[in-house]
Each structure stands twice: as structure tokens, then as C-alpha cells.
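Respectively, the protein sequence lines represent chains A and P.
Quick note, the working numbering runs 124 ahead of the 1-based positions in the first sequence.
Quick note, the working numbering runs 9 ahead of the 1-based positions in the second sequence.
No lab work stands behind these hints, which were simulated from the structure alone.
Ideal Cβ positions, reconstructed from N, Cα and C, are used throughout, including at glycine.
Any given hint could be a false lead.
In the DSS-like style, the derived pairs of lysine-lysine whose C-alpha atoms are separated by at most 25 Å in a straight line are [stated by the list, open to error]: (1) A:K225 - P:K192; (2) A:K453 - A:K433; (3) A:K136 - A:K183; (4) P:K269 - A:K254; (5) A:K254 - A:K225; (6) A:K277 - A:K183; (7) A:K476 - A:K144; (8) A:K183 - A:K144; (9) P:K192 - A:K254.
Covered, in the sense of this in silico footprint (three residues per stretch, anywhere, with C-beta under 8 Å from a C-beta of chain P), are these stretches of chain A [stated by the list, open to error]: (10) 188-198; (11) 203-212; (12) 222-229.
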Amino acid sequence: MSYVSLQSITKKFGDVEILKGVDLEIEHHQFTVLLGPSGCGKSTTLRLVAGLEPVSGGKIFIDERDVTDLEPRERDIAMVFQNYALYPTMTVEQNMSFGLKAQNMPASDIRTAVHNAAELLGITPLLARKPGELSGGQQQRVAIGRAIVRQPKLFLFDEPLSNLDAKLRVETRSEILSLHQRLGATTIYVTHDQEEAMTMADKIVIMNQGQIEQQGTPEDVFFRPVSRMVAGFIGSPVMNFFNGVGTANGAIETQVGTFEGFPQIRAGQKVEVGVRPDDLIPAEKGETTITGKVLLSELLGVRAIIHLKTQHGLAFKAVVDHEIYRDMKSADEASFTVRDGRLHVFDSESGKRI
Amino acid sequence: MFSFSSRSARIAAFFAIAVALLIVLFPFVWVFLESIKPASFGGKPDVWLFPPTSDNWNNVLLQSDVPANILNSFVVAFSTVAIALLVGCPAAYAFSRFRGYQGARYSILAAEMMPPAILILPFFLVLYHLQMIDSLAGVIAAHLSFVVPVVTWFLIGFFDEVPRDLENQAMVDGYTRFQAFYKVILPAVRPGIGAAGVFGFVLSWNDLFYALLLTGGESRTLPVAIAGYWTFRGVDMGKMAVAILIAVIPVLILSFFIQKHLVRGIGGGAVKY
Ligand SMILES: Nc1ncnc2c1ncn2[C@@H]1O[C@H](COP(=O)(O)OP(=O)(O)OP(=O)(O)O)[C@@H](O)[C@H]1O
Ligand SMILES: [Mg+2]
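Please build the complete structure, drawing on both the sequences and the hints.
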């Protein structure tokens with residue numbers, strides 16, 4: 125059995141089934157990110173693992189122990205909440221000591237542990253302050269410090285960076301990562317920010333409407349999305365989609381052109397063809413192309429996003445280098461071809477990858 | 010909103026406040042004057058010039074039962090508040106965290122809607138059979154009937170403002186829900202508890218209705234004593250004025266400390282939309 129194991133977990137609030145059978149295996153020392161649109165059940169999953177809500181069905185194991193019916197305090201986990209949940213009446217030091225006191229650790233050991241953790245996070249000068257006297261970033265560090273000082277079996281994070289500004293978010297992200305590499309703590313991390321997920325995760329779990337849509341490495345979900353939902357959710361700017369129909373000889377006809385080499389396609393099958401803006405490369409003469417009118421272009425730096433519209437009125441985007449951007453932004457039309465092997469095809473009805 | 014930037018508006022505002030203060034403070038000034046008025050001028054409210062005397066103060070403080078009545082009032086108010094907080098804190102916390110029908114919290118005000126005249130007879134009968142008429146415990150019990158709901162209502166709003174994740178954090182940190190409640194949540198609402206306590210104290214301290222009917226001799230509280238200066242021979246205005254001032258002073262002092270929490274507390278658990 126894996127280090128953490130969720131087996132057929134369901135959760136109902138009243139009559140509404142929020143989680144519809146979640147199976148998840150997490151290895152020791154792994155950093156797992158739960159990713160998905162708002163309301164898909166990420167926080168609920170985390171709260172079930174923490175024991176803050178009872179499951180409606182299924183079992184949860186942590187380190188070979190069935191914790192399904194245990195209280196949060198019996199599960200040996202630490203959690204960092206979105207709003208940090210620092211105890212407002214206690215100093216930083218008391219905040220960090222609070223969990224160790226519950227374990228009846230001797231006061232001198234608590235002091236040592238807290239000071240070591242504070243040193244590691246660079247918050248020693250803050251130890252005597254109250255949470256109200258800290259900036260958002262400092263509160264965040266204290267919350268993380270309070271979690272690591274306990275050395276729990278499992279770390280749970282619920283969108284811990286969402287209240288920070290963009291720059292601090294990126295900094296803290298790498299800090300959490302290096303902390304993870306140093307401590308090797310098994311972690312479940314919830315976010316709806318796909319960039320956070322891609323950069324941090326050993327394993328990404330994409331949730332949708334109370335179910336796991338896909339789980340795998342960041343490469344897996346980015347390069348081989350199993351469904352239209354995952355393909356549209358991962359990647360920025362979002363993937364371009366075109367409707368198409370299968371032909372008898374394994375080709376797909378779309379309004380932007382015909383794509384060949386899909387023997388598994390049935391004639392008349394309705395599909396969606398997806399291609400990432402980064403996988404559209406400026407076409408040479410004589411290639412199969414997607415052509416569009418240039419509407420707008422945004423320079424990001426080295427790269428630029430070109431917004432286009434086909435002659436049938438379908439909008440799509442392409443990401444190009446800035447030299448190409450210079451020619452394209454003043455051009456009327458631009459033609460692209462799809463990078464080899466980077467075309468994704470999904471069945472329109474089931475949404476599944478073909 | 011309009012601004013007080015123009016000179017004339019400021020003068021108008023000044024006068025408005027002055028008039029309001031005059032209206033509010035006049036009774037206090039008048040009662041104070043009555044308390045130092047010699048008996049020979051008693052019953053003549055329109056006399057403003059007289060040689061001041063300390064007779065009334067001496068009499069009330071040294072020769073009457075009023076000091077004992079003050080003590081009774083303190084015992085009743087303190088006990089009522091202590092019990093009301095002991096009951097009200099967990100109750101308010103439960104109402105605050107309750108996820109079901111949000112109108113439920115208003116039910117605690119139901120007792121408050123009933124006119125005390127309806128409750129007093131059952132109270133009297135029950136206490137009579139328990140042989141607790143004219144006992145402080147009886148008054149305390151009666152006061153709890155309106156102080157507990159008010160204190161609870163008052164506290165719900167303060168608990169509502171403490172995020173649930175705070176107790177969740179404590180539970181993950183190794184504590185039971187009850188430990189989380191008293192180690193983390195209660196300290197976080199301390200200002201609210203203080204304000205609710207003061208509010209409940211004043212309610213009990215000022216009560217005349219229940220105390221008048223449930224106490225007689227030994228257990229008379231201060232408001233009952235004040236009323237006692239109104240006899241069939243007339244009102245003993247000078248002594249009554251002294252007792253009134255003594256009754257009002259703690260209320261004024263306490264109100265000053267909680268004023269900033271008062272509005273929030275009275276808004277209480279009104280569900281925010
Ligand atoms: N205590 C509750 N009672 C009833 N419904 C709830 C409760 N908690 C969550 N839900 C519902 O469960 C669904 C999933 O909520 P959850 O908080 O897990 O979403 P999430 O994936 O974390 O979303 P977000 O990214 O917005 O945080 C939502 O539709 C929410 O309204
Ligand atoms: Mg959430």
C-alpha cells in the first residue's frame with residue numbers, strides 16, 4: 125500500500141454528492157498537487173484527509189494506518205490554511221509551540237525545535253510578535269513554520285499562496301519546494317493555479333466535479349491530457365480547439381484544414397482537435413496550414429501572443445518568438461503549421477482523448 | 010453625508026450637540042442638586058438656591074439599609090453574569106457554527122419577546138414552593154431568564170467573526186474541539202465576552218420589576234431600595250436622589266468601557282447578507 129491511500133472516497137453534503145468516488149495513492153516523500161476549477165472538491169478532499177469532515181463512504185490510510193474514523197488530532201498531520209489561521213492572541217513563538225505542547229513535549233525541547241524551525245525560515249526576529257503585527261508574507265512563513273516544527277507524517281496545504289502578491293507568490297513557491305526537498309515531507313497541496321501545480325508537483329491530480337480527471341507527472345498532464353477538460357485547463361494561453369469530423373480514411377476534416385494519420389477514427393465521428401498556441405509554428409510554403417487574420421498581438425518579452433481569426437470566424441492564438449512577432453504584428457494574415465505529434469484529438473461526446 | 014466644512018454648519022452642529030447634551034445631562038444635575046438639598050426645601054423642585062447639606066448622604070450611607078442593598082445588587086448582578094457567560098459562551102459558539110437553518114439563532118430572542126408580566130407569576134409560584142421567595146438565588150434565577158438570551162445573542166456576532174479554520178487548525182494541531190474552544194476561540198472573543206458581561210451586569214443591576222416582586226426584606230436590591238423611598242407619606246426626594254446616584258455611577262463607568270463593542274454586540278448574530 126502507498127504511504128497515503130484514498131479508497132473510493134465519497135462525500136455528501138445533504139443530498140448533494142460533492143465527491144463521487146476518489147481513489148488516490150500517494151508515495152512517501154512525494155509532493156502531490158490537487159488542481160482543478162473552483163468548486164470541484166479540492167478543499168473538501170483535503171479536509172477529509174485531515175479529518176475535519178467525516179467521509180460519506182470509502183477509506184483513508186496514512187502510513188498503513190486506517191485513519192478514516194480518527195479525529196484530526198489523532199492523524200499526525202499538519203495543515204496550512206488559506207488564511208493562515210494563526211492564533212491571534214498568541215505570539216509567533218506560542219503559535220509554533222502550540223502543537224508540540226499538545227504532544228506533552230518538554231518545554232526545553234519545544235524551545236529548541238521552535239527556534240530551529242524559525243531559523244530555517246528566517247523568522248527568528250518575529251518570534252515575540254503577535255500575528256496582527258506581521259505582513260501577509262510573514263504570516264505565511266509563520267504558518268509554514270508552525271507546520272514543519274511538528275514533523276508530522278503528512279503536510280496539507282490549502283491554497284497557501286493565494287493571498288500573496290505575484291512576486292512573493294513566486295518566491296514562496298520556490299521556498300516551499302526547497303523546504304520540501306530538504307525535509308522530504310509527504311505533501312498534498314491544493315491550488316487552482318496551474319502554473320503553481322506544474323512547477324511544484326511530483327504528481328498532479330486534476331479534479332473535476334468531484335472526480336479525478338487525470339493524475340500523473342506534470343509532463344503527463346501537459347503533453348498527454350486524457351480529456352478535453354484537462355487539455356483546456358492546463359497550459360497558458362489555453363489550447364486552441366477546432367471542431368472536426370472523421371473521414372473513412374483516418375483523417376479529420378475541420379474548418380481550418382484536414383489532418384491525416386488517425387487510423388482509430390471512425391467515419392462521421394465528431395471530434396475536437398486541440399493544439400497549444402506554443403505548438404503552432406509559422407508555416408513554410410506548401411505545408412498544411414492554419415491561416416488567420418491577425419487581430420491583436422501582445423509582446424510578453426522574448427515571446428509574444430498573436431490573436432487571430434480564421435476566415436470562418438474561429439478565434440485562435442499562437443505564441444511566437446519576438447522576431448516573428450515583429451513581422452506578424454503588421455501583417456494582414458499569418459499561416460501556421462502544427463509541430464509534429466502535438467495535435468490532440470478528443471471525442472466530442474465523451475470528451476476523452478483519441 | 011454632509012461635511013462640517015463650512016463655518017455656519019460647524020456652528021449649527023455645535024449647538025445641536027450642546028442642546029442634546031443639555032437634555033441628557035439635565036436630569037443628572039437635577040438629581041445631584043436634590044441630593045444636597047436640605048429637607049426643609051424638600052419637594053420643591055423649582056428651588057435652585059439653597060445652602061447645601063450632606064444630611065441625605067450621611068443618612069443613606071450610614072444609617073440606612075442601602076449599603077446592604079448595594080451589596081445584594083452586586084451579588085445578584087455578578088452571579089447572574091457569571092452564570093450567563095458560562096451558559097452563553099458555549100451556546101453562542103454553537104449557534105455561530107451551526108450550519109443548518111440560519112434563522113434558528115433568532116429563537117433565543119423568543120424569551121425576550123415575552124412581557125415580563127407573563128413570566129413573573131410562574132416565577133413567583135415556583136420560588137414560593139421552593140421556599141426561595143426573598144432569597145438572592147431566586148432573583149438571580151429570574152434575572153437569568155432575560156440575561157442569558159441577551160448575552161448569548163450579543164456573543165454570537167463575536168463568534169461569527171472568528172474563522173472556523175482557527176478551531177480546525179487547533180484540532181489538527183492535536184487538540185479536541187472543546188480544547189480548541191477554550192484555548193483558542195474564547196481568547197479570541199475576549200473583548201466580546203467583556204462587553205457582553207458588562208451589558209448583562211447592567212441589565213441585572215437595573216432591574217426593578219422582578220426584584221420588587223421576588224424580594225422583600227433581607228434580599229432587597231438597590232432599585233427596590235430606591236423605590237422604597239416612595240412611600241404612602243410621599244417621596245423622600247433627597248435620600249432617593251442619593252440612592253439613584255449610587256445606582257447610576259457603576260453603569261456609567263462600565264458603559265464607558267464597552268461603548269465601542271456595544272453596537273456590534275447589539276447587532277449580534279443578525280445574519281449578514
Ligand atoms: N460544509 C459544506 N456544506 C455544503 N456544501 C459544501 C460544504 N463545503 C463545501 N461545499 C460545497 O462543495 C463543493 C466543493 O467545495 P470545495 O471547497 O471542496 O471546492 P474547491 O475545489 O476547494 O474550490 P475552490 O477552488 O473555490 O476553493 C462546493 O460546491 C461547495 O459549495
Ligand atoms: Mg478550496
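Comparing the hints with the structure gives:
1. For the suggested pair K225 (chain A) and K192 (chain P), the alpha carbons sit about 12 Å apart, so the restraint of at most 25 Å is met.
2. For the suggested pair K453 (chain A) and K433 (chain A), the alpha carbons sit about 14 Å apart, so the restraint of at most 25 Å is met.
3. A C-alpha spacing of about 15 Å is found between K136 (chain A) and K183 (chain A), which places the hinted pair at or below 25 Å, so the restraint holds.
4. This hinted pair checks out: K269 (chain P) and K254 (chain A) have alpha carbons roughly 22 Å apart, not beyond 25 Å.
5. For the hint pairing K254 (chain A) with K225 (chain A), the CA-to-CA distance comes to about 19 Å; that is within 25 Å, so the pair holds.
6. The straight-line distance between the Cα atoms of K277 (chain A) and K183 (chain A) is roughly 18 Å, inside the 25 Å bound, and the hint therefore holds.
7. For the given pair, K476 (chain A) sits about 19 Å from K144 (chain A) by alpha-carbon distance, which is consistent with the 25 Å threshold.
8. At roughly 13 Å between alpha-carbon atoms, K183 (chain A) and K144 (chain A) fall within 25 Å of each other, so this suggested pair holds.
9. Restraint check for K192 (chain P) and K254 (chain A): the C-alpha separation of about 16 Å stays at or below 25 Å, so the hint holds.
10. Here the stretch 188-198 of chain A counts 3 residues with a CB under 8 Å from a CB of chain P, which clears the bar of 3, and the coverage holds.
11. Interface restraint, the stretch 203-212 of chain A with chain P: holds (7 residues with C-beta to C-beta distance below 8 Å; minimum three).
12. A count of 4 residues in the stretch 222-229 of chain A with a Cβ less than 8 Å from any Cβ of chain P is obtained; the coverage claim is therefore met, three being the minimum.
Violated hints: none; the structure is consistent with every hint.
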